[in-house]
Amino acid sequence: MEFAHIFTLSVSVVTAINVLLAGILIFIERRDIGSTWAWLLILFFIPIVGFIVYLFFGRQLKQKNFYKLSSDEREYLRSSVDEQLKELKATHEYRNDLLIQHNKLLFTNLNSSKSLVRTDNEIDIFSDGNQKFDALFEDIRNAKKEINIQYYIIQRDNLGKKLRDELTKKAKEGIKVRVLYDEVGSRKMTPSFFKELISYGGEAQAFFPSILRLINFRINNRNHRKLCIIDGEVAYIGGFNVGDEYLGLDPKMGYWRDTHFRIKGESVNDIQGRFILDWHQATKQPIELEQFLHRTETHSGTVPVQIVASGPNSTTQHLKNMYISLIMSAKESVYLQTPYFIPDASFMDACKIALLSGVEIHIMIPNKPDHPFVYWATWSHVGELLTYGAHIYLYEKGFLHAKTIVVDNEVSSVGTTNIDPRSFSLNFEVNAVVYDQPIAKKLQNLFLEDVQYSSKLTLERYKERSLLIKFKEAVSRLLSPIL
1065 MEFAHIFTLS VSVVTAINVL LAGILIFIER RDIGSTWAWL LILFFIPIVG
1115 FIVYLFFGRQ LKQKNFYKLS SDEREYLRSS VDEQLKELKA THEYRNDLLI
1165 QHNKLLFTNL NSSKSLVRTD NEIDIFSDGN QKFDALFEDI RNAKKEINIQ
1215 YYIIQRDNLG KKLRDELTKK AKEGIKVRVL YDEVGSRKMT PSFFKELISY
1265 GGEAQAFFPS ILRLINFRIN NRNHRKLCII DGEVAYIGGF NVGDEYLGLD
1315 PKMGYWRDTH FRIKGESVND IQGRFILDWH QATKQPIELE QFLHRTETHS
1365 GTVPVQIVAS GPNSTTQHLK NMYISLIMSA KESVYLQTPY FIPDASFMDA
1415 CKIALLSGVE IHIMIPNKPD HPFVYWATWS HVGELLTYGA HIYLYEKGFL
1465 HAKTIVVDNE VSSVGTTNID PRSFSLNFEV NAVVYDQPIA KKLQNLFLED
1515 VQYSSKLTLE RYKERSLLIK FKEAVSRLLS PIL
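Just so we're aligned, residue 1065 is where the sequence shown starts under the numbering used here, counting upward by one.
The hints are all genuine.
Here are the simulated distance ranges between beta carbons:
1. K1520 x E1137: 46 to 52 Å
2. K1534 x K1348: 47 to 53 Å
3. D1184 x P1255: 38 to 44 Å
4. Y1140 x F1171: 17 to 23 Å
5. K1209 x F1130: 28 to 34 Å
6. S1135 x D1221: 42 to 48 Å
7. L1523 x T1347: 50 to 56 Å
8. D1161 x E1260: 50 to 56 Å
9. T1347 x E1260: 15 to 21 Å
10. M1412 x K1520: 18 to 24 Å
11. K1209 x D1314: 34 to 40 Å
These are calculated hints, taken from the structure and not from any lab test. Ideal Cβ positions, reconstructed from N, Cα and C, are used throughout, including at glycine.
Generate the whole structure from the sequences, applying the supplied hints.
Written out as structure tokens, the structure is:
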């Protein structure tokens, strides 16, 4: 009798908790509807396990002043945006032809994510890991004052050790070195890996670290950014992490195809600012801007750039809005490379409307699954676009990890953002939006070169898939809001 009473009480408590969580999901958190339904199903059909899963994967961040900026700092950022908005509306000081043609995109980024447009940049493009890291190590060796490094993944392998050793050498020279890595992405990382670097005054910090390296209630909110800033003069942004696999040395993944920018110009300040905020959040150190180098001299570059960031601390999906704005602005063509293509209804509608209006959309995805559910959910979504006339390519040479979009051979974006709910709403991400025809042309040419190593997924080929694949797609698509 006592057991029955305890059992009944336990069921009542679990039910009450589930109802409470359901109320939070519906009335307070105001999530995407698809995500809300997915979590409600988990909570009610697997109540005890679902509650534990929710604690680790479901809770949203507190969104108000996540970076704990002072009122003066918030006012400074707000005034900088307001000032540029007034100048852009009143004069042509910042405007070249592409900025005028794509002013809706420009204003969307400026209003939504406070992304200032900078017009004096130079950009180098890397599509191969060896080239990218050769250039990065050279810039590190030439550093005179400060090195700030941020990666989602830093492996404890040969490339990771080489980066650490190069940074340690600079720390021994008296150069200020800071390293920020994501706790989940760099799950094999331990503080001892950077022991020598720290002994010479360098700093290394995990973002959202685990409690006693065992429990992490922020496991679902990952800092997916990859940023490097040297002396406030040169910055790197793109898709490459730090690990031997990114040099194509993993037999399972094969050649690693990615895209990364090296930027010189005033946009380096904006990338630096993004690092400062993440460093402050991770270390809880006060933001003292004078500790960080900001370049002040003019630069001879001519490429306009906006640095657009987004994360779970924001109620607005800035980077999804940026992508949709790009697609809706297209008049002729969209070239998109992404390892994962699991868009929501608004993104899919944007693609369908563009296709119906006569815009050619070319999407390239890898034909090598690193996450099976994500892979089959991707197939489901690109298959749907095939019926609207999209051109879909399956990259066969190795693994395609590039996050690139080119519109009308005029505007482009490269960064860390995948086309999926995780990147749009759960991860901390950052992209560079570039208003420059030569850069767009180079990125489009890279896409066309990759077509040579790809097979085309036609509508006929897609319709011939087996019942097993159709089942995998159906299950993966159902889970896609929480993948």
